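There are 2 protein chains.
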Amino acid sequence: MIAKRYREMLNQKSVIREISAYGAERAKEIGYENVFDFSLGNPSVPAPQIVNETIARLALEGDSLAVHGYSPSLGIDGVRQAIADSLNRRFGMNYKKAHIFPTSGAAAALAHAVRAVTEPGNEVLAFAPYFSEYVPYINESGAVLKIVPANPEDFQINFEAFAAMLNPNVHAVLINTPNNPSGVIYSADTLRKLAALLKEKEQAYGHDIYIISDEPYREIVFDGKEAPYTSNYYDNTISCYSFSKSLSLPGERIGYIAVNPACQDAALLVEIFGQISRGIGHNCPSSIIQLAIGELLDNTAELQVYETNMHILYDALTEMGYSCVKPDGTFYMFPKSLEPDAVAFCNKAKEFDLLLVPGDGFGCPGHFRMAYCVPTEKVVRSLDAFRKLADYYQQR
Amino acid sequence: MIAKRYREMLNQKSVIREISAYGAERAKEIGYENVFDFSLGNPSVPAPQIVNETIARLALEGDSLAVHGYSPSLGIDGVRQAIADSLNRRFGMNYKKAHIFPTSGAAAALAHAVRAVTEPGNEVLAFAPYFSEYVPYINESGAVLKIVPANPEDFQINFEAFAAMLNPNVHAVLINTPNNPSGVIYSADTLRKLAALLKEKEQAYGHDIYIISDEPYREIVFDGKEAPYTSNYYDNTISCYSFSKSLSLPGERIGYIAVNPACQDAALLVEIFGQISRGIGHNCPSSIIQLAIGELLDNTAELQVYETNMHILYDALTEMGYSCVKPDGTFYMFPKSLEPDAVAFCNKAKEFDLLLVPGDGFGCPGHFRMAYCVPTEKVVRSLDAFRKLADYYQQR
Numbered sequence: 000m001i002a003k004r005y006r007e008m009l010n011q012k013s014v015i016r017e018i019s020a021y022g023a024e025r026a027k028e029i030g031y032e033n034v035f036d037f038s039l040g041n042p043s044v045p046a047p048q049i050v051n052e053t054i055a056r057l058a059l060e061g062d063s064l065a066v067h068g069y070s071p072s073l074g075i076d077g078v079r080q081a082i083a084d085s086l087n088r089r090f091g092m093n094y095k096k097a098h099i100f101p102t103s104g105a106a107a108a109l110a111h112a113v114r115a116v117t118e119p120g121n122e123v124l125a126f127a128p129y130f131s132e133y134v135p136y137i138n139e140s141g142a143v144l145k146i147v148p149a150n151p152e153d154f155q156i157n158f159e160a161f162a163a164m165l166n167p168n169v170h171a172v173l174i175n176t177p178n179n180p181s182g183v184i185y186s187a188d189t190l191r192k193l194a195a196l197l198k199e200k201e202q203a204y205g206h207d208i209y210i211i212s213d214e215p216y217r218e219i220v221f222d223g224k225e226a227p228y229t230s231n232y233y234d235n236t237i238s239c240y241s242f243s244k245s246l247s248l249p250g251e252r253i254g255y256i257a258v259n260p261a262c263q264d265a266a267l268l269v270e271i272f273g274q275i276s277r278g279i280g281h282n283c284p285s286s287i288i289q290l291a292i293g294e295l296l297d298n299t300a301e302l303q304v305y306e307t308n309m310h311i312l313y314d315a316l317t318e319m320g321y322s323c324v325k326p327d328g329t330f331y332m333f334p335k336s337l338e339p340d341a342v343a344f345c346n347k348a349k350e351f352d353l354l355l356v357p358g359d360g361f362g363c364p365g366h367f368r369m370a371y372c373v374p375t376e377k378v379v380r381s382l383d384a385f386r387k388l389a390d391y392y393q394q395r
Numbered sequence: 000m001i002a003k004r005y006r007e008m009l010n011q012k013s014v015i016r017e018i019s020a021y022g023a024e025r026a027k028e029i030g031y032e033n034v035f036d037f038s039l040g041n042p043s044v045p046a047p048q049i050v051n052e053t054i055a056r057l058a059l060e061g062d063s064l065a066v067h068g069y070s071p072s073l074g075i076d077g078v079r080q081a082i083a084d085s086l087n088r089r090f091g092m093n094y095k096k097a098h099i100f101p102t103s104g105a106a107a108a109l110a111h112a113v114r115a116v117t118e119p120g121n122e123v124l125a126f127a128p129y130f131s132e133y134v135p136y137i138n139e140s141g142a143v144l145k146i147v148p149a150n151p152e153d154f155q156i157n158f159e160a161f162a163a164m165l166n167p168n169v170h171a172v173l174i175n176t177p178n179n180p181s182g183v184i185y186s187a188d189t190l191r192k193l194a195a196l197l198k199e200k201e202q203a204y205g206h207d208i209y210i211i212s213d214e215p216y217r218e219i220v221f222d223g224k225e226a227p228y229t230s231n232y233y234d235n236t237i238s239c240y241s242f243s244k245s246l247s248l249p250g251e252r253i254g255y256i257a258v259n260p261a262c263q264d265a266a267l268l269v270e271i272f273g274q275i276s277r278g279i280g281h282n283c284p285s286s287i288i289q290l291a292i293g294e295l296l297d298n299t300a301e302l303q304v305y306e307t308n309m310h311i312l313y314d315a316l317t318e319m320g321y322s323c324v325k326p327d328g329t330f331y332m333f334p335k336s337l338e339p340d341a342v343a344f345c346n347k348a349k350e351f352d353l354l355l356v357p358g359d360g361f362g363c364p365g366h367f368r369m370a371y372c373v374p375t376e377k378v379v380r381s382l383d384a385f386r387k388l389a390d391y392y393q394q395r
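Protein chains in written order, with numbering that gives the first Met the number 0: chain W, 0 to 395; chain B, 0 to 395.
For reference, chain W alone in the conformation it holds in the complex:
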């Protein structure tokens, strides 16, 4: 009597979560310090102290009904305005409060965005390598996810394959930059080409095609780079953001959707998001967490450690013979596996207590993902295991 579709989802549980669970068990056997677990994208740096101080102040000094009372169904007004102001300042946009919708992280933002702009059966295109949880978000919306093959040379968009897959049933294109799992930032040139192609197809098909832009790693960029802001390149852009990574708050489930004011029906879209939340019974994110982040929009956790870790790993691994596109940001990298079957490769890595995730689930067989949001001393100690793994393949 249990709904069949969810029973089936149980059989496709997150591979990442399973590897991470294995890591926790293995740590009990040989000690946490001896398991080099690169599976899970759980930030390793603490939330900034000011986040905790702000939450404590709101709890102890705020008016209870204002802090803990129902928030309006589209989010707390002052928080929405503060988010609009911050984005306008940083990216030269002209968002108003009416274009901002607080969500339970980027996950909810993406699931809402897809529901709002597709009818059941419509196609959403995403680009390999892609975050594997896009599959449940989009499947459950009723839309159909199709994956554009990767351009493994630099992990920018494979425009040839993309153009061939565009058709009148495509109503949204999902991009993720800086990218999980490759760490690559889509260049201004990539975004310009993408925008031009979509505008042409909107004309040809006679309907809007939205870019749903998944941007939780926007603040984690390396070597002084900047991530171009998608909305600056394309009007029909819905930006999905999370504070999980920038403020190290993944458990608090807080993020937002920002609809480009140049979108068709931009403010109406936000009202639609409210109705989607109503139907799934989820209403707004926690009110105290909304209020806290509303005060802290220009803060981040100490994100530099991810850049340090990236350089250590990239330099050492490429020197050992691993091949990898150099990450521009995030806390992921996506090297080639040392045998064509990445699942077999990651199983072999386990023997050295290196926990890596096969690229297959990201739409890119022959690669593996490393989440290097782990303490730097552990990154350094892991290099020996990577070397042994490389030696094994060289001696085969």
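In case anyone wonders, no lab produced these hints; they're calculated from the structure. Heads up, a few of these hints could be off.
[Claimed, not checked] So the derived list for chain B, only partly shown, Cβ under 7 Å to chain W, looks like this:
(1) P47
(2) A55
(3) A58
(4) H67
(5) L109
(6) V116
(7) G120
(8) N121
(9) Y136
(10) E139
(11) Y204
(12) G205
(13) G280
(14) I288
(15) E294
(16) N298
Since we're looking at a predicted model, the values are computed, not measured. All C-beta atoms in this analysis are idealised placements derived from N, C-alpha and C, irrespective of residue type, glycine included.
Chain W is already provided as a structure; the job is to place chain B on it using the hints.
Just chain B, lined up with the frame of chain W:
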């Protein structure tokens, strides 16, 4: 290009929210103290100080990764165990951690429960008067909500009408006790009769029929009464709880589902809830809020004020000639309107700055709902307006 189904939902916005928004506008004109707004079920008493102290302590003294890190997809283990322990202690149950699933309030709990135990097109029966937001929760799940007419004499279940509506396509029955909007507690006798009838039909139809029990008012009971715990009467019970009312935390979106261990596949149901969350991108409630309520399960806000308000209103209104089933709990009452058309009646009440909600949206025309979660001094001052309204109808 915006999804049609959500556009249509926009046309059926919450009547309660609209009346409440009118009240906020009217308050700007004539002063907040002069608007007797009984529209919204927003708790009027503050959260207990210990809730705020606990949140502050977790923020300032807790380990950041433990407090703000990803919680497991089925909720934080210790919190789930604490909820199970508390329910076992209070209601003589034998829940384990595996039967508990933290949710974003009772709203999410209900929406998850319906999705888990129905296939699209299955019927869910609920009893008038019923909380109007059941409509979007159930419509969006793909199931079909059918309403059993009220028994307006005492607002217990109308078993004759219920028996006539049962059929093999019914897979769940949604009850709400203590009841919004009537304030009535379903008696042990009512629950026994309900359980016996459903067990008989489970046999006859050859499949489970779940009771989804909406219990956010469980702690708000008057005159020393107790609300019988549904799971003590029926095995296939899924309890949906919220801390919104008991701890005055509606904005924090925190509650849980407790699946009776005697349910078919009880622990599997909880895993299914996790998959439902995954598909809508909502994962768990805020981690710091989960941790806080996990320590405070046996606390409540100062709920006595609702009992005080009920007695003042019930005594005065019945004395004025209003007819009303006496509430056993909650902070609602559901008197008969003084003309058959409750919408016209509530519009007339507006002229006296009394904001009441017509019973039509609760499946009970000819009644109106009052949410008396307002300061007692305001309740007392509102009596004059109720008297003028009654006088108007007597003189007509």
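Okay, the hints, checked on the actual structure:
The criterion of a C-beta within 7 Å of any C-beta in chain W is not met by P47 of chain B, whose closest approach is roughly 9 Å, and the hint is violated. Checking A55 of chain B against chain W: minimum C-beta separation of about 4 Å stays under 7 Å; hint holds. About 4 Å separates the beta-carbon of A58 of chain B from the nearest beta-carbon of chain W, less than 7 Å, and the hint is met. Hint on H67 of chain B holds. Least Cβ distance to chain W is approximately 5 Å, under the 7 Å limit.
For L109 of chain B, the interface hint holds, since its Cβ comes within 7 Å of a Cβ in chain W; the closest pair sits about 6 Å apart. With its C-beta approaching chain W no nearer than about 6 Å, V116 of chain B sits inside the 7 Å limit, and its interface hint holds. The interface hint given for G120 of chain B is violated, since its Cβ lies 12 Å from the closest Cβ of chain W, which is over the 7 Å cut-off. Among the interface hints, the one on N121 of chain B is violated; its C-beta lies about 9 Å from the nearest C-beta in chain W, farther than the 7 Å criterion.
Using the Cβ-Cβ criterion of 7 Å, the hint placing Y136 of chain B at the interface with chain W is satisfied: the shortest such distance is roughly 5 Å. The beta carbon of E139 of chain B is positioned within 7 Å of a beta carbon in chain W (closest approach about 3 Å), and the interface hint is therefore held. Of the supplied interface hints, the one on Y204 of chain B is violated, with its beta-carbon coming no nearer than about 11 Å to a beta-carbon of chain W, more than 7 Å. The criterion of a C-beta within 7 Å of any C-beta in chain W is not met by G205 of chain B, whose closest approach is roughly 10 Å, and the hint is violated.
Checking G280 of chain B against chain W: minimum C-beta separation of about 3 Å stays under 7 Å; hint holds. Of the supplied interface hints, the one on I288 of chain B holds, with its beta-carbon coming within about 6 Å of a beta-carbon of chain W, less than 7 Å. Here the hint on E294 of chain B is broken, as its CB sits about 14 Å from the closest CB of chain W, past 7 Å. Contact between N298 of chain B and chain W, as hinted, is not supported at the beta carbon level, the nearest pair being about 14 Å apart and thus beyond 7 Å.
The structure shown violates the earlier hints numbered 1, 7, 8, 11, 12, 15, 16.
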